[in-house]
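Trainee: Residue numbers (this note's numbering), protein chains in the order written: chain A, 1 to 148; chain B, 1001 to 1148; chain C, 2001 to 2148.
Think of the hints as simulated: they come from the structure by calculation, not from any bench. There's no promise every hint is true.
[Claimed, not checked] Cut-off 16 Å, straight-line C-alpha distance, at most; resulting in silico cross-link-like pairs (EDC-like, lysine to aspartate or glutamate):
| no. | chain 1 | residue 1 | chain 2 | residue 2 |
| --- | --- | --- | --- | --- |
| 1 | B | 1084 | A | 59 |
| 2 | B | 1009 | A | 38 |
| 3 | A | 9 | C | 2038 |
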Amino acid sequence: MKSLSIFCKSVKVSLDTGPDIRDITPALEQLIDDLRVENGNLCATMVGSTGSLTTIEYEPGVVRDLMAAVNRLAPPDLEYEHEKAWHDGNGHSHVQAALLGPSIVLPIRKGRLKLGTWQQVVALNHDNRSRQRTIEVTIIGTVSERRG
Amino acid sequence: MKSLSIFCKSVKVSLDTGPDIRDITPALEQLIDDLRVENGNLCATMVGSTGSLTTIEYEPGVVRDLMAAVNRLAPPDLEYEHEKAWHDGNGHSHVQAALLGPSIVLPIRKGRLKLGTWQQVVALNHDNRSRQRTIEVTIIGTVSERRG
Amino acid sequence: MKSLSIFCKSVKVSLDTGPDIRDITPALEQLIDDLRVENGNLCATMVGSTGSLTTIEYEPGVVRDLMAAVNRLAPPDLEYEHEKAWHDGNGHSHVQAALLGPSIVLPIRKGRLKLGTWQQVVALNHDNRSRQRTIEVTIIGTVSERRG
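Chain A with its partners taken away, still in its complex shape (with noise of 0.2 Å):
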């Protein structure tokens, strides 16, 4: 059996006032390619309590739909009991970030990500602000032998 090796890494996407969602399943595919990896597991997670990560088909239509549950699952225009120490006007994004859920275990097979063909990896930023975000991705997996 091919020894098992870590890799431990994170790319950075900049979104804008949430809900906002962007598809980052490039630049994972660019690390996967990169580093060479066969076979095994991505995890992602997201760095931050008001961003979020998921899977979805990445189409504009889709991409609006989600903004609009994800702010039924947790109103702007609630009142929010972080509001009333803070003041920084985004209780909704913590509690929208949280019932998302900050991660995610992605498998790779044979240097690619194995998603549906309609199903991309996304990015959320739930916060009353624009975001430079930070996602660490630990990859393990077997190592290919192919050369550049």
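Dock chains B and C against the given chain A, drawing on the hints supplied.
Mentor: Chains B and C only, in chain A's frame:
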């Protein structure tokens, strides 16, 4: 310390029109058993953007309660932007799946999934038609030397 | 490259009647420290079908806001099919836990969880009674050779 092994497998499950929910615990336990994994992690990811994974007590009442809750999160009879472009009637399916999330991580201890007595691993289909679903499974752990 | 190690541990936490939310970050950091893990992944899974895991800014306001949001997702006073068979009054608990999900993956970098400054890992109890909860923790990573 025992050396680590990795196994990349998949599980297939047939699901009815969404929301449909099926117990995949036996299929995952079978994999662990066949591979003789002793201690480690099982990561599972739903392939496709209208399916999801979670755990529940798999009894008919809770299953129906979860179906109802999922349809409250993104009701099929709302208007979705996805529909305006694609007219395939499954805008709600995409949103439901993105909110629940495609992946799960489960502990393997002494050759078994370590879950609650009443806690099963379930695959959900949110699509508006029946689907044969593929779940990619990556197991990392130590392997038992017991013989057959 | 340093060789990979795996550690299978568990953390226990006492939680009040749900929704209750507790910060488990110190317990996880303690494990990483005790095991001298340098870089890798921490996977945590809630054992039991009426609990869940996520991250939030653990301050009293957000904690109450998340409790309220969780009770909007599956209100305790709705009618649940689970009740008709089991009469244990926790139909909403099962649904809440399934929607939030039982598992989380967190990056370990330089011997610490790599999270946002205001981002803590929390365990949620959704059950209608207080519970001693077990969280299974699997850590895969490289180990530091620093001495005590």
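Trainee: The structure should be examined with respect to each hint, and the outcome stated for every one.
Mentor: Results for each hint:
With a C-alpha separation of about 12 Å, the suggested pairing of residue 1084/B with residue 59/A holds against the 16 Å cut-off. Straight-line distance between C-alpha atoms of residue 1009/B and residue 38/A comes to about 14 Å, which keeps the hinted pair within the 16 Å bound. Distance check on the hinted pair: residue 9/A and residue 2038/C sit about 14 Å apart at the alpha-carbon level, within 16 Å; holds.
Checked against the numbered hints listed earlier, the structure breaks none of them; every hint is satisfied.
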